[in-house]
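2 protein chains.
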Amino acid sequence: MDIGRRDLLLAAASLAVASVAGGARAAGDRKIGYAIVGLGYYGLNVILPQFVNCQHSRVTALVSGDPAKARATAARYGVPERSIYSYETFDQIRDNPDVDVVYVILPNSMHAEYTIRAAKAGKHVMCEKPMATSVAECEAMIAACKAAGRKLMIGYRCHFEATNLEAMRLARSGAAGRVRYVRSEHGFVQRDPSKWRLKKAMAGGGSLMDMGVYSLQAARYMTGEEPVSVMARESTDRGDPRFAEVEDMIEWLLKFPSGAIASCLSTYSANQNHVLLMGDKGRIELEPATRYDGNRLWTGKDGRAEEISPPPGPAKTQFAGQLDHLADCIQADRSPIVSGEEGLRDMRIIEAIYGSAREGRTVKL
Amino acid sequence: MDIGRRDLLLAAASLAVASVAGGARAAGDRKIGYAIVGLGYYGLNVILPQFVNCQHSRVTALVSGDPAKARATAARYGVPERSIYSYETFDQIRDNPDVDVVYVILPNSMHAEYTIRAAKAGKHVMCEKPMATSVAECEAMIAACKAAGRKLMIGYRCHFEATNLEAMRLARSGAAGRVRYVRSEHGFVQRDPSKWRLKKAMAGGGSLMDMGVYSLQAARYMTGEEPVSVMARESTDRGDPRFAEVEDMIEWLLKFPSGAIASCLSTYSANQNHVLLMGDKGRIELEPATRYDGNRLWTGKDGRAEEISPPPGPAKTQFAGQLDHLADCIQADRSPIVSGEEGLRDMRIIEAIYGSAREGRTVKL
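Top line first, the protein sequences correspond to chains A and B. 89 is the number of the first residue of the first sequence in the numbering used here; add one for each residue after it. 89 is the number of the first residue of the second sequence in the numbering used here; add one for each residue after it.
Take the hints with a grain of salt, since some may be wrong.
[Said to hold, decoys possible] Only pairs whose alpha carbons sit at most 20 Å apart, straight line, appear in this in silico SDA-like list of lysine to any residue: (1) B:K369 to A:P329; (2) A:K389 to B:E227; (3) A:K389 to B:E201; (4) A:K369 to B:K389; (5) B:K389 to A:G262; (6) B:K369 to A:D328; (7) A:K369 to B:K369; (8) A:K287 to A:L194; (9) B:K369 to A:L194; (10) A:K369 to A:G262; (11) B:K389 to A:Y380; (12) A:K389 to B:R279.
[To be verified] Partial selection, computed: residues in chain A whose CB lies under 7 Å from chain B: (13) V277; (14) E313; (15) E314; (16) M319; (17) R321; (18) S323; (19) L341; (20) S351; (21) N359; (22) Q360; (23) W386; (24) K389; (25) D390; (26) T450; (27) K452.
None of these hints come from the bench; they were simulated from the model. Fair warning: this is a prediction, and the values are worked out from it, not measured in the lab. Built from N, CA and C at the ideal position, the CB exists for glycine as well.
Let the sequences and hints guide you as you build the complete structure.
In structure tokens, the structure reads:
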């Protein structure tokens, strides 16, 4: 039958499209489909509203333990009901051709599990920072994505943020001369003792696993170097119910091969968001440095001599830039600039920071 | 003879005045006389022009190895020729009743010698920072002044500077809440390899012995606490002719009994002059923090929310305040707020910083 034959051809064409969509390459300008795993504050209020700013990315599925919240969110973002998953049904995402990427926005302790399950389901993975709670987990995540032939990117949004990009460009251009010192401090007053970020089993650690990742990342991307050793000091009031399980404040020094030093802080008991690079010819300063918006940049020989308005980034927002970067990498079969290996590098340093703080000695990297 | 008898009485009165002037108490509003030892940049261009701003202090003698410079300076400041000394004739200052205080503004390695010689000459001592080049020297200086019954003060001018005084007051008043963190960074690009500050034998060390003292002092006076341990990291390019003998950059972490942490830097390869205190309710920030003038102060929950104009200090300038403070202490027989013991405390920490940097481990204080 003609109709039967035409239907068959259409079905075959659909299958081909589905195969491409589920695979590493998507044809032409088809948008890459993201499944958002976790509808907490960041997923719901920060990431989901950003797809309208994306050129190559769209949200196509949701994974949540709260069916009502998932349905309401799906309706809002045009996600079909069939593309709503619970944590129990998550692995069925394998059969959803609209999902290219699983974006893991869960408590840290769940990053490894859902990254590995996503890879096994044949999906690329965007995973929030910190990549996981241990080096071993990071290595397992990288191995799983490699085995599945899928890409793994960490949600290091600052690499797509115009102010930070301009600061990196200035640093590399020698605007401050020879880089001697980077200070990077991130913290806020964490008030609610019930937050999962204060539970060791879910967060893997305290402020270092949260704000500390920004400090560490900035030290690395501002110097453009990998540290060779670390020396750290923790200060936590264990009598404070917020800090019964995890550290409040941790400060660490990194030494880089060039001789540059970074002094980094993370804290849950003070508000700070600051990055400063000092060289022998001048400085580059960001404050706030790594916020969702409103970051500011200064240069000068000394003090905040000149405020720089960075040129607009390639994307509308850092979030859209991050989402579209993985989409572009999938379409062009390139490695993300902030890959799983990048997350692993940070986790190796994080473990060394904890080790140094515990033992009161320098730890070589 | 009447004339003979009158002369004798006048001579006796003169002797009494001389005795008082040379001793610990000066009568009424007589100004305390300073001998300036060392006519380098700081003595000549910073301290000497400040006596016009003093209420209780005047310059009455000069000690220099350069007779022409000494004579020209003496003429400018109204110091009589008989009150010019060389380093060879220095000890004769004992016989000069116009000199109450010897102000030692010499290379660090000479602080101990001239402080001790001044005390033995019966003079009070103002000594520039760093107090000396070792704990042993500081202890000998304190002992010498104690044995002579003379006061010893260190030239910690920031304790008399209106912006720093207001920052200290705000910190103590709880304006930032519970103090959690102080960052204190001081440095400048030291360009001239021939400077005595780059000679180990004269300076005792590098940037730590110079700018680092400001960072350390600020960490202590902003927290109002004494550190219990230190962890330090040095970075010096020993191939750079400037740093053949002394360190360029050194970064250290101090832990205080309250749990507050200080992160301090000194460097000779970047310009920085900054102090930040963070508490759980807000922050106090100084930039520039410890300059001769133009220091600025901010407070806020986050960032530089509000600039504070500190109330005018008790003295016209920090230098006049410092000079008059010792004069007041002499006249009222009180201990200076920045005594030799205060300098010794810093030197103990400085030795611990060097030890920690050398050994790569935490040093208890």
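Outcome of the hint check:
1. B:K369 to A:P329: holds, 18 Å
2. A:K389 to B:E227: Violated - the C-alpha atoms of B:E227 and A:K389 are around 40 Å apart, more than 20 Å.
3. A:K389 to B:E201: The hint is violated at about 38 Å.
4. A:K369 to B:K389: With a Cα-Cα distance of about 32 Å, the restraint between A:K369 and B:K389 is violated, given a limit of 20 Å.
5. B:K389 to A:G262: violated, 34 Å
6. B:K369 to A:D328: Distance ~16 Å between B:K369 and A:D328 Cα, so the pair holds.
7. A:K369 to B:K369: violated, 35 Å
8. A:K287 to A:L194: Holds - the C-alpha atoms of A:L194 and A:K287 are around 14 Å apart, at most 20 Å.
9. B:K369 to A:L194: Violated, at about 30 Å.
10. A:K369 to A:G262: holds, 9 Å
11. B:K389 to A:Y380: The given pair, whose Cα atoms are some 18 Å apart, holds under the 20 Å limit.
12. A:K389 to B:R279: holds, 15 Å
13. V277: holds, 6 Å
14. E313: With a closest approach of 12 Å, the A:E313 hint is violated.
15. E314: Result: violated, 16 Å to nearest chain B Cβ.
16. M319: At 6 Å from the nearest chain B Cβ, A:M319 passes the 7 Å test, so the hint holds.
17. R321: The hint holds - A:R321 has a Cβ within 7 Å of chain B, the shortest such distance being about 5 Å.
18. S323: holds, 5 Å
19. L341: Constraint on A:L341 satisfied, holds at 5 Å.
20. S351: holds, 5 Å
21. N359: holds, 4 Å
22. Q360: With a minimum Cβ separation of about 6 Å from chain B (threshold 7 Å), the hint on A:Q360 holds.
23. W386: violated, 11 Å
24. K389: holds, 6 Å
25. D390: This hint holds: A:D390 lies near chain B, its Cβ roughly 4 Å from the closest one there, short of 7 Å.
26. T450: holds, 4 Å
27. K452: At 9 Å from the nearest chain B Cβ, A:K452 fails the 7 Å test, so the hint is violated.
When held up to the earlier numbered hints, the structure conflicts with 2, 3, 4, 5, 7, 9, 14, 15, 23, 27 and fits the remainder.
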